[in-house]
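Undergrad: Top to bottom, those sequences are chains A and B. Okay, so the first sequence: first residue is 128 according to my numbering, each after it adds one. Okay, so the second sequence: first residue is 786 according to my numbering, each after it adds one.
Just so you know, the hints here were simulated from the structure itself, not pulled from any lab data. Idealized CB from N, CA, C, for every residue including glycine. Check each hint, because a few of them may be wrong.
Unchecked claim - Partner residues aside, some chain A positions facing chain B, computed with beta carbon under 10 Å:
1) ASN130
2) TYR141
3) TRP145
4) TRP189
5) LEU190
6) GLY192
7) ASP220
8) ASN331
9) PHE361
10) GLU370
11) LEU372
12) LEU404
13) ASP416
14) LYS442
15) ALA455
To be verified - To give a feel for the contact side, a few chain A residues facing chain B, derived at Cβ under 10 Å:
16) VAL184
17) TYR191
18) VAL483
Said to hold, decoys possible - List time: in silico DSS-like cross-link candidates among lysine-lysine, alpha-carbon distance up to 25 Å:
19) LYS956/B with LYS806/B
20) LYS1026/B with LYS1005/B
21) LYS1005/B with LYS409/A
22) LYS140/A with LYS188/A
23) LYS852/B with LYS1116/B
24) LYS255/A with LYS956/B
25) LYS852/B with LYS1026/B
26) LYS1005/B with LYS956/B
27) LYS458/A with LYS899/B
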Amino acid sequence: MENFKEMIANRHKYAEDWKKRTGGMVLVYNQPYMPEEIAYAGGMLPLRMLPEQKPDVISAKWLYGCCYPVKNMINQVLSGDYDYMDVYVYVEDCQWVWNFHELITDLKPGLLNHFMFFCDHPTAPTSKYVMRSEMQVFKNKVEEWTGKEITNEALDHAIELYNTNRRLLRRIYELRKVYDMVILGSEMMHIMIANQVMDKAEMNGILEKLIAELEEREPFEDRIRLMLVGSELFNAELEEIVESLGAHVVADETDYGSSYFWNDLVPQKDRLLAIALRYLEKPRSAMKDSNWRHRLQHIFEMTEDFMVDGVLIGKQLVCQPHGSDNYAIWKLLRERAIPFHFFERDTTLPIDETSVRIEAFLDMIRPGITRVRGWNQPLVI
Amino acid sequence: MARVNGQIWETRPLEFWDRAKELRAGWEQSAESKEKIVGQGHGAWAGAFPAITIIEDNPRGSTIAAKDMPFARTARLASEVRGWGRELCGYHGVLWGCQFLGQNPDGTPFNNRKLVVPMPATCDQHTKRGIQCRDFEPVPQWQGDATVYVGENDFDREVEMVNHRVYNELKMINDIERIFGQKFDEDAMREIVGLYSKVAEYRAEIFMMQMNTPAPLSAKDLYSFYTLGGRLTIDPVELEKFWKLVRDEIRWRVDNKIAAVGTERFRFLEAHPPQYSFLKYYRYLEQYGAVCVGSQYTNFTAAVYERKPNGEVAQRETNPPRRQIGIEEFKTREDLFRRTPELNIRGPGGFKSDENHRPYALNEFADMYHCDGAFFWVWRCGVGCTMTRKEQAIRLRRAGYSVLTYEGSAPGDPTDLDEKRFLEQLDAWMETNNLVKYEN
């Protein structure tokens, strides 16, 4: 199997080499609704920013109270990790990242950037047209940056490439829908994250080769099957802890995980409308799950499809959107008697503490003693 | 450096004060209405239905937190144990904690909301506000959108944004008619729109006059009534009368140099909500001759001002009106709901978007309001109240303003407010500006 962990670690060098090789521009983004197809069709390399904890003497000066991923990002950008970045695009979602966008565009005045609106009410009939118009604005912007027109042929190629990428990832991801799974949760998370910092044309070849390898692989033993729900994960530390404790992570509902590739883009004559529809219909981020609760149904379906024994809900500290959703998610899981364990984290994960908590949770799941009854009784404090 | 010129201005109590208190008390009572359908949300449209009252959670939550801290703690805990994030807006934790507990602070049953309209906003917390009602029990919900974009005016883009916002509003109105069997009175709505337009004019004028020296109002005054007609939806006729009363009195105070603080010699701005249970710190600072002239949060809710190239201060026109017609010419329901988005399609009020797109907006505010310093609460909870605050402090300091920050939990959560330490910090801030307390 390719070393996806290494790809993640070497992502900055990869981007720099790609620039030298192609002479193209690197577009960096963070939020989940970025229509990469348009940037790719314009000859750019869209890469997702991965927050990473490093010695930090920068973020505290500029930010207060915000989440650690954003602190890490500002530290990385201002300390030079992303100096190869030509463009930063913020697709409107979480406000802390909006703060990040505002800050780096102020502190790095030469950086090309774009703000893209994204509907908080994605299911209104009018949302499709709003987002279609945003796609048009973004396409114009990419053409302005690169000085090249984006043709329909280029868009079709990008759409096909990205759809292939999604299908390949789903093919690997679904290997965990059954017992006798041949890929670990940590491996899958590494693949999913590496996929977001690589050129899709190159990645698709790697994934095809991987699928052939996996078909020959001996299955892992069956263990307790967990699902991850919650704020972004930028590495596979949590999966590795779960695996070290004798359980599997078989599914996730996270923006950097399965939500990235869950739905295809259905091609149509109006390419920009097709792209808008794909992003409006993708699994919701917590921020955009405002009109009714789409996440709940999606989470529940995944617990059934992937035969989940329990759910780990990890929330980044001071993550407002997930903090607002957890009441509904806890309620859903309790109503359906699905054991869950909630914990808060930042971009680092204390291994001992997390291990103890997860081990206790697994000990409760094994004999089926998780207490889910009584959740709807009046609260006495 | 603060001005120390020994000037003493006349000061008088605000004559509209009692009326403001009456209106506020009336609004508080409306949350407990048994005659009307009480919903969570915002907006004046509810006044065009015969029996619907819309209540916002923020003012209710902050009132409870200020009046009954032990109960507010219990309520917040009731929210947190159900999964509601402990670092979220304190108002919400308190009010929806009452819902979970099933009671108000006085022991009366909590009036469960019968419909929910989460507030379209650039603030994450506003966008998801009130959805605890829908999560708690199956009541109807309608979501809107706060469209935002940056750069040059782009009318093509705006067409879709306006259509989107109008659709969301009309869908809500039509559904409410169908679900609750009440007729939306378009003539009443036309009147409401007209009255609110007048209110906006009065408010814009008031906050322009607030730039005068001495300041006719202080933030302490503002926080007691500025939400009337905004977060606090009341009878629009009474509302228009009230704001006219305020405008007339402020105009008189400016003409006659009547000050909010007679010893004014240090003017400071704030950014977002203060600790509502401890507004007395404004009075404390008055002993130094310091007056808070407001913030974007209070002063820019009706109009956003900017300094023009010729040096004059005037309203910023983010969106030139495309239809120069009067309200009386709005014939249909759709016309009525097109009016507001057409005027502020790029963001509600503009002042919230400033934080994200105009990082030097507070420097501009400090200049226009002739400030000497700034005081920022930096809240651990509620992203919309905290984002950009530290960088704003840096920018103001670089521009020569004296800036103090104080960390706290949330405007609606006084749990960890150390009053003594806070006041000592204010003393130190004043002293660094060469200010000493006036005796009496």
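Undergrad: Each of the hints needs a verdict: does it hold here or not?
TA: Verification of the hints:
With its C-beta approaching chain B no nearer than about 37 Å, ASN130/A sits outside the 10 Å limit, and its interface hint is violated. For the restraint placing TYR141/A at the interface with chain B, the shortest Cβ-Cβ distance is roughly 31 Å, beyond the 10 Å limit, so the hint is violated. Below 10 Å, beta-carbon pairs count as interface contacts, and TRP145/A has none with chain B, the closest being about 29 Å; its hint is therefore violated. The interface hint given for TRP189/A holds, since its Cβ lies 5 Å from the closest Cβ of chain B, which is under the 10 Å cut-off.
Checking LEU190/A against chain B by beta carbon gives a least distance of about 6 Å; that is within 10 Å, so the hint holds. Nearest Cβ of chain B to the Cβ of GLY192/A: about 4 Å, under the 10 Å cut. The hint holds. A hinted interface residue such as ASP220/A counts as satisfied when its beta carbon comes closer than 10 Å to some beta carbon of chain B; here the least separation is about 9 Å, so the hint holds. Hint on ASN331/A is violated. Least Cβ distance to chain B is approximately 34 Å, over the 10 Å limit.
Checking PHE361/A against chain B by beta carbon gives a least distance of about 20 Å; that is not within 10 Å, so the hint is violated. Hint on GLU370/A is violated. Least Cβ distance to chain B is approximately 27 Å, over the 10 Å limit. Interface hint status for LEU372/A: violated, as the beta-carbon distance to the closest one in chain B is roughly 24 Å, over 10 Å. Hint status for LEU404/A relative to chain B: violated, with the closest Cβ pair at about 14 Å, above 10 Å.
Using the Cβ-Cβ criterion of 10 Å, the hint placing ASP416/A at the interface with chain B is satisfied: the shortest such distance is roughly 9 Å. Of the supplied interface hints, the one on LYS442/A holds, with its beta-carbon coming within about 7 Å of a beta-carbon of chain B, less than 10 Å. A least Cβ separation of about 4 Å between ALA455/A and chain B falls short of the 10 Å threshold, and the interface hint therefore holds. Interface restraint check: VAL184/A against chain B, minimum CB-CB distance 14 Å, threshold 10 Å, status violated.
Hint status for TYR191/A relative to chain B: holds, with the closest Cβ pair at about 5 Å, below 10 Å. Below 10 Å, beta-carbon pairs count as interface contacts, and VAL483/A has none with chain B, the closest being about 22 Å; its hint is therefore violated. With a C-alpha separation of about 35 Å, the suggested pairing of LYS956/B with LYS806/B is violated against the 25 Å cut-off. About 22 Å separates the Cα atoms of LYS1026/B and LYS1005/B, which keeps this hinted pair within 25 Å; it holds.
Annotation: proposed proximity of LYS1005/B to LYS409/A is violated, straight-line Cα distance about 46 Å (limit 25 Å). For the suggested pair LYS140/A and LYS188/A, the alpha carbons sit about 28 Å apart, so the restraint of at most 25 Å is broken. For the suggested pair LYS852/B and LYS1116/B, the alpha carbons sit about 46 Å apart, so the restraint of at most 25 Å is broken. Proposed proximity of LYS255/A and LYS956/B is supported: the alpha carbons are some 16 Å apart, at most 25 Å.
Distance check on the hinted pair: LYS852/B and LYS1026/B sit about 29 Å apart at the alpha-carbon level, beyond 25 Å; violated. A hinted pair counts as satisfied when its Cα atoms are at most 25 Å apart, and LYS1005/B with LYS956/B does not qualify at roughly 39 Å. At roughly 20 Å between alpha-carbon atoms, LYS458/A and LYS899/B fall within 25 Å of each other, so this suggested pair holds.
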